[in-house]
Structures are given as structure tokens and as C-alpha cells.
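Colleague: Okay, here's what each chain looks like letter by letter:
Number of protein chains: 2
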Amino acid sequence: MTDINLPSDHGSLLRAARGLEPADLVLKGGLVVNVFTGETEAADLAVKDGLIVGLGRYDGLTVRDVSGLYLAPGLIETHLHLESALVAPGELAGILVPRGTTALVADPHEIANVLGLRGIRFLLDASAGLPLDFFFMAPSCVPATHLETSGAELEAEDLRTLLAEPRILGLAEVMNFPGVINGLPRVWDKLALFARRPIDGHSPGLNGPDLNAYLLPGIATEHETTTLAEGREKLARGLRLFIREGSQARNLADLLPLVNDHNYRRLSFCTDDRHLDDLLGEGHLDHVLRKAVRHGLPAMKAVTMATLNAAEAFGLRRRGALAPGWRADVVVFESLESFQVREVYKDGRLAARRGALTVPAPRIEPPDWISPMNVAVLDRAALDLPAAGARVRVIEAADAQVVTGHSILETPARNGRLVADPDRDLARLLVVERHRGTARVGQGLVRGFGFNQGAMASSVAHDSHNIVAAGMSLDEIILAVDTVRRLRGGLAVVAGERVLASLALPLAGLMSPAPAAEVAAGLARLEAAAVEIGCRLKAPFMCLSFLALPVIPRLKLTDRGLVDVDKFEFVRLFVE
Amino acid sequence: MTDINLPSDHGSLLRAARGLEPADLVLKGGLVVNVFTGETEAADLAVKDGLIVGLGRYDGLTVRDVSGLYLAPGLIETHLHLESALVAPGELAGILVPRGTTALVADPHEIANVLGLRGIRFLLDASAGLPLDFFFMAPSCVPATHLETSGAELEAEDLRTLLAEPRILGLAEVMNFPGVINGLPRVWDKLALFARRPIDGHSPGLNGPDLNAYLLPGIATEHETTTLAEGREKLARGLRLFIREGSQARNLADLLPLVNDHNYRRLSFCTDDRHLDDLLGEGHLDHVLRKAVRHGLPAMKAVTMATLNAAEAFGLRRRGALAPGWRADVVVFESLESFQVREVYKDGRLAARRGALTVPAPRIEPPDWISPMNVAVLDRAALDLPAAGARVRVIEAADAQVVTGHSILETPARNGRLVADPDRDLARLLVVERHRGTARVGQGLVRGFGFNQGAMASSVAHDSHNIVAAGMSLDEIILAVDTVRRLRGGLAVVAGERVLASLALPLAGLMSPAPAAEVAAGLARLEAAAVEIGCRLKAPFMCLSFLALPVIPRLKLTDRGLVDVDKFEFVRLFVE
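Protein chains in written order, with my numbering: chain A, 13 to 588; chain B, 13 to 588.
Heads up, some of the hints might be wrong.
Quick partial rundown of chain B residues pointing at chain A, CB under 10 Å, derived from the structure [claimed, not checked]: (1) 51; (2) 208; (3) 248; (4) 269; (5) 272; (6) 334; (7) 338.
If you are wondering where the hints come from, they were derived from the structure by calculation, not from laboratory data. Each residue gets a CB set at the ideal place from its N, CA and C atoms; glycine is no exception.
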């Protein structure tokens, strides 16, 4: 799958290429988007045995008239945490393929934080045999920090076992930049292991001599760029940039002015984290292409970035262009403006038509180890904290932001005990360890959700994916956490003694095995329930899931306690 | 050498990159040619342990002021038959490195036709440890045809032994296009062996469905393009084009109009066959850059084509650009117009300055098997042919052309024996088998040299490199051949009983182990001697060496006889 093997019966392929016998399939009368020349070309495209055998005038056993339509190479996603879509690979393929995506490079670090190598191998298995090629990068930072409890730790020796997997391309986003530039052996052991493979970077804002040092091990790509100045420096230092347009981080409009005739070959697109509703609503890379062209990027450059450039960034040979001997992954667009997809061919076979797969995605049977939920029933008494100070640290949550604020406010208390305070929009926040049965619970306060009652909980809680819960009373929080526990992972909104809505995510507590439409409906019910308990955030679960991530400023909560991210150390909840 | 290994002491590298300790070397105050951005950038370039550790402001143990000069990546030759320069790899490095070339990809098929794998391994050994990285492609067509006797035959099983050589990159120019498109197993076995490696094409004039078929096995590059239309089609079908500007074939001016903003990434330069006098006089890729810019190609594109694009074509990582973590191969140009080279740094060390190597090239000791000269003393009586027909086929040689004409003329005879005829400029032509002691001699006539006396002989005789000789009498031809034989390979010009000039090429009969200046002087003496015997050709030995190549139209002579190349079959010398 990473490469093309010559078929043993090449005689028949050659005769088809030479027009001496009919091809399997001919797409006739379309305009071929030629990413080598930058021109569209009126030509029949002939396919046999999954390969393009020729462009020109051809006859085939099957001939499809694509007059007036554009044939482009299948789109390639360069960096995706597929767990963010909350569905299994087969369901994801059912969404992405009809949007024109025929290959993606995933960083499975969410599931790896829960299940380690077993989780990665589960995704490899679950994504095999689909009409979408799933490639993976070996996660470099599991756990993300030692300020939290993850389900697994992956050292270089663990990652070594992945080198032989044909769909493991390289090393995923190297977030630990201090580890890189300070020469930390645990980090450099991983870098050395992947020295001859693609290594993805992750260095928001890094510049100057520290950026130079970060690049020494051969880190080759970067998708965290947010400003033009940062993009210019990173391009100049040899990084290939993946312009990110996800659900949360949307850098496309800001970064498009970077692209010019000389450097466009060094740029591609990624979505990084893309939520189910956005995938179903806006789309995937088709949406990125539409938006890029609307913002002035020439369509030919946009398509080249999403295809050939992406393939080159990962050394994927004979993929990302339409040429003889190349893989027959073809998207039929209605125009190079709307990027509406009429049909998609994967390895030469019709895979999607007018928005739907034409082949059923195989349903997976989740193994019994897939959702560890090693957490005891919560002890209410132990969680009922005395108000041990006059003031308290509060995480300031802002809508659609992963960065939080860090405030110190007067402690909300009743009878000497810490409580939520609806008047000041202060909710209690818990992070409950779920991997190792430690019974560790981190406690804090969060402002900004707008709750007037109830609680919500989630087993999606970056990056260790413990259970994070916020709410107005301890009882409601406990009910929400218990609901997630009983679902073996998932999302829940409760009010009083009632579960208003819930969604099971039994695949590692991160994904559902259910059809995408069901999952989307469940998410809609959850969001309605959140509104019912007063929540004002547009993406409350997304917001909640990032409150536990101690690598993003400024104040975060893990199962081990409150983390002042600026200082990268634990701080006490109560002040004085 | 094909890749960069992380040094075990990366701590010191990192500190140098971060400016916390001095680099080994800093090139200060120059303008860096940034092939990623397409801009020149005022920056110090810091080097340590052979790698670039940073661009910016740096201090070093050694600091060189390069104010007002341009720092570019070392130039990369994409396709070269290095034997054509007639000198050993060390001497070649002494010419190319001061011209800015720091890596080359050679097709060693000349020596392979003489010595097979032993010859290739000799070049690998002789090119190791030089301040120029010699990469090789495994020759795909040894022998070129079965119409001649070569010193070796290389089948897929032989080439398999080369796969483990780190400096063997892929499969060299696949000249047997009928074999490819007809699915010939002997050819496809080789293609399959190199299916995951770069494969160079060689398909002059091939187009349409046959070109499509030729590309199916993954043939990825092409350097035989001579016209714009051919170049456009080949680019569109996914071939990377190496624009050739050699001694003989000079396609640069014709093909430059191909290059545009979108496709320039798919183009590089090669010289293919470059003679010693041209290398010493005009230069190598520096000459190509000068000429390209003079013909209107923007300098930034030209440099990018000669560096980053060439590296990408062969998957050479971290080479072809100046960036942190990339190989410190740096050319210091005086301008991006003259491309005069001031200094060259190879792996971070000064390697050449103002036209000369700063490190001595190691002298090689040729092994005793290096020049097989398995040829008996010629039997004059057997060579004295009866004039067995009234008319005779004549090879028409034209100056500076490898293509010959095919005439049928009245037989020049004396006493019933075939002779040369100075009045009609008809010389006798012999090809003497020298590899297997078969005593086979092919006989013919050639018109166009202009001899009035004497003979010349050469053990450089494409592609099998038997001994080819032309002259006005059998005795003089025999003396010339014997001279070459006694030299264990080489070139000779004789008149009467006197050897006017000769040059020993004891490395396979193709190259001299002597200093390049000596070889150049020897060649000058040979050319003067050729003039002395009346030769009017500007490049008589080049012309002579191609008279034995039965893959180039139209009439050629091998040790097995006259070949009508249009029909690809032997024909009789005498007609009727």
C-alpha cells in the first residue's frame, strides 16, 4: 500500500497501455488536472488492475462519460488525529471518501495514550481494507507530560516494533521541543530510530537558534504555524508546512499569503482535529480547497498542495498525480471552484458517488480490552473539599479556545466546604484517573460554561483521556462521571438525578463503533442537553476536553492536580 | 553517505545551533541562496561536524568572511557516464569540485560492458573518500545489444548483488524500450528488482501509448528529450526531466522554454557525456548555470534545479539546500550570473578554492585485472579481404554526430583486394574483439575522416568497447591496434611505421590513472597527430568511438560485422 508492486501479469497491463486491448475502466471526455504541468488536459484516463495505464484516447471494458468534469488525484490529508471525529475508521472513510480524500496520515496519539501499542494496532486493523488508505505516524509523546496519568508510555523500544508495519510512515509530531533542543536521551532515542523516515514537527512559535536546533534531527514538517512571519522562517529553514484548517485551529486564511510560485511545492494542507459535525457539514479537504480558492489561491496550486505535495512530504511514491503507472485514485470534481465531488475512484474502482460510498464499509467488532475503565465508584465524602483558603485558582474557559485563563478569586464556599457558584459562573471541575485504578481525582474550578444546574462529563480529555467533568454540584458531577464509566467511555450531561443525554464511546473511551449519523445525532442531543443546564459555550465538550491538557496555557487540571502551564508545575487550588 | 546519521554527540551540535558554543565554521556576511523560499537571505551559515547547524548570527572557531558573495547548495549532477572524461574518479573530483559540484549520479555502464560487476565495484572503491559524493545507478543494458561482443553480461541476478551498496541508488537508463513495452522477462526482472528505487529512463522520441506503457514499471526520469513537444508530453506523464548539456548533446537552449513556475520542480540538469577538454575549458554544472541564466532562466530557478530538484529526484535526503540539519555542502559563488566559484565546502570542510582542490585526491593503484586485453596479434593475411562485390557499404561519418549515414558505393579495390581510397575519402574500418579472445574482427569502410595517410585506433568504442580503428592501409591500422593493445587500452595515431601519438587508458581501456592535465595534454597531442594524417574532424576520437554503437542509426560496425541499425540486423559489406 505504501508502494506499488509490479503485477506479475504485466503483459496485459502493457497491452492496455498501448491500446492493444481494452482497459478495465476508461473515464472519457473529462479534463485531467495535471499537477506536473499545472494545466488541465482533455484526455481519457485509462485504468487497469488499480493503476492508471494511460492518458490519451482509450477504450475500456467499462467506459464512464465524464464530459465537462474535472479529474484530479485523490486528496491526501497530511496530519489528522482521527479520534477527534469520534467514529471508527470505517465510518470515517464513509465520510471522507465521498469528499475526495483517498489517503490520510494519522497520528494515533489519542488512542496510544489510552492503550499504547495495542491501541495503534487496533487502528491499523480497523483501517485495513477500506477504500481509503490510512497511514500512521508513530506517536512521539505518550504521555504528553508527566503531570498526568496516562494509560500507556511509549519509549523508543516500544516504537521500534512499529518500524516493520508498512503503514507506519515515520514519527508523529514531536511536541517535546525542550527535549529535542536539550538533547534529552529519551527523545533522541526516538528521533534516531526514525532518522531515515519522515518526522513531523510541532513547534508553535519556535524561532531563531532554538528552531535551528530543533531541526537538527531531521524534523521535516510543521503544522502549528499560525502567523506569516512564523511560516516564512519555518519554510526558509527547510520545513514543509502543512497549513491547518481544522474545527478549532483555522489557519488557512492567515497563511495563504505565504504561498508563492517558488515555495508552493513545500506546502500542503491538514485538518489536525476535525469534528464530526464539521466533516458532515462543511467537509474535509474539499472544504479546504473551496475556502483556499475563495481566498485567492489558484485552484491548480491548491490541488497540487493537497495531492502531489502531500505525497512527496511522506515519500509516498506514485501517488498524488494522474500518470501512467501511478495509483488510480481519482476524484471527479464538478468544478475547480465548488470542488463538489461527483465520483471517487480508489485503486481504479468506483468507491463513492454523489456523497455516499458505493461499497459498504466493514463493521468492526471491538475487542473486549478496547475500553479500559479502571476507575472505582467515586467516594462522595472524599471529594467534598474543605474550603482551605480565602481565595482559589479558577480556570477561565473561553468558547472555541483551547487556551485558558488563570484567575484567582474569592473562594465559593458553604458551611466551610468548596461549592460551585452560579452567580459567578463558577463550576466545579474534576479529572478522574481511569487507566490504572489509582482513585486519583484532581479538583478545580472553571468559569465560563454558564451552567445553572447539572453537570457534564467526558472520557475524551486530552491528552491522557482520563474522565473530565464539570458541574454545579458534587452529586451531579458524580452521576455524570458514573454514567461515562458505565458506558465504558463516552459523554454525558445530567441534571439532578437524571441523565439528560449520553453517548457511548466504547472504543478506548474516544470513539463510537456506531454509524456516523447515529453519533452525530447523539452529539446533537448532548449539545441540546448542555443548553438545558445553562451552558453558553458553542462547543462545550470540545472545551471540556481541553481543560485537562497541561501543555496548553495557562491553567489546567489533571488527575494529579492543577497545573500552571506557564511554569510547567503543579500549583495548589487554594491560595494563602 | 546516502543519508545523515545522527551523531552520538548531538549535545554539542545542539549547543552550537543554539549559539551556546561556537560552531566549527561560520561563513559570515554572505547571501544565502534559499532554494525553499526562492530568495537570497543575508545570514551567517554555521557548520559543525559536517552539518549545517544554523543560519542567523553565529560565531565559530573558524570564521570566513564571505561578504558580497553568494552561498548556494553544492551542485548535483543527475546523469553522467564518468568514463567519458577519460580520468579516474579522484582526478574527476579534482575538476568538478572546484566547479561547485559536490555530488553526482553516475551510470557506470561503460566500465560494466568491459568488466561487469568488477568494474562497477572498482569505480565504487576508486570514488570512496573523495570530497565529492559519487552515487551510481546499476546499469540496465549490459550488453547494449547482442550484435556485438561485450566483456560482460549483467542480468537481474547480477544486479541484485548491488542492492546492498549504499551508493547504488537505483537502475540506470533503461535503453531497451522495446523490451519494456513488450514485457520482456529479462528486462522486467531488472525493473522489478528496482521497483522501489529510482529508475532512469532513456526513451528518445517515445510518445503516445508506447510512452504510457514504458512508464508503467515506474521509470521516473528522462534525459534524452530534445524537443519542446517531447518535453511537454514527458513532463505531463510524470517524468522528471534532466535537461542535458553535455559535450556532444546540447539540449539546454532548446529545452529552457519548457520551464515555468509550476513545473520547474520537475526539472534538473545533467551532462551525460562530458569530455575532459570541455570540463577543463567550459566547466561542468557551473557552465550549465551560466548558460541557462544567459538564456533567460532566473538564477534562483536554475540553482534550485541543480540542487534541491536533483536531490529529490533520487530521494537523497537533507542534501541540495542550506538548512539546519542538512549536509554542509556549500558553493561560494561570486555572482548568480557568472557563477564563478570562489570556494567549495564539502561536508563542512573547505574542499576547493579558486579553481583547485585544497585536499589532495588520493591516487589509486589499478588492480591487475583492470584492463583485460584478450586479443591476439592480428593476422595480416586474414584481414586482407578480397573485393567480393562491385559495390560496398560505407559508413558516412559526420563531425560531432553520433548518427551515421549508410551509402553504397563502388568498391575501392587494388589487385582484387579491398583497399582504402584517399581520393574518395574512404578509410578502412576495423572493430577487433578484445574481451574474450575470439579473434573476431569486423570489417567495413568509413567516409568523412579525411585521412591522406595513417590510422587511428581506440579501445573506447561504445558500448562494448572493443578496439575500433580506421585508416588508409592495413599495415597502419594493425600498428594502431597493436599500439592500443600494448598500452593495455588507449588511443593511438600512427603514420607509416611510426606511432605519432598515443595515450594509455589502462583502466578498463577507458580511463587513465594519470593526472587530468597529463591526460588533457595527451589528448591534444593525439588531435594534432590526427590533423597530421589529414583528419578534418574536430572530435575524431569521439566520432570513431561511436562507429561501433549499433543502437544509433544508421550503419555501424561491431566485431561481429556491419549492422543496419534501421533494420537492427547484420548486413554484408559487399553488395551483389
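Colleague: Take the hints in turn and mark each one as holding or not.
Modeller: Each hint, compared with the structure:
| no. | hint | verdict |
| --- | --- | --- |
| 1 | 51 | holds, 8 Å |
| 2 | 208 | holds, 5 Å |
| 3 | 248 | holds, 5 Å |
| 4 | 269 | violated, 14 Å |
| 5 | 272 | holds, 7 Å |
| 6 | 334 | holds, 9 Å |
| 7 | 338 | holds, 7 Å |
Checked against the numbered hints above, the structure breaks only hint 4 and satisfies the rest.
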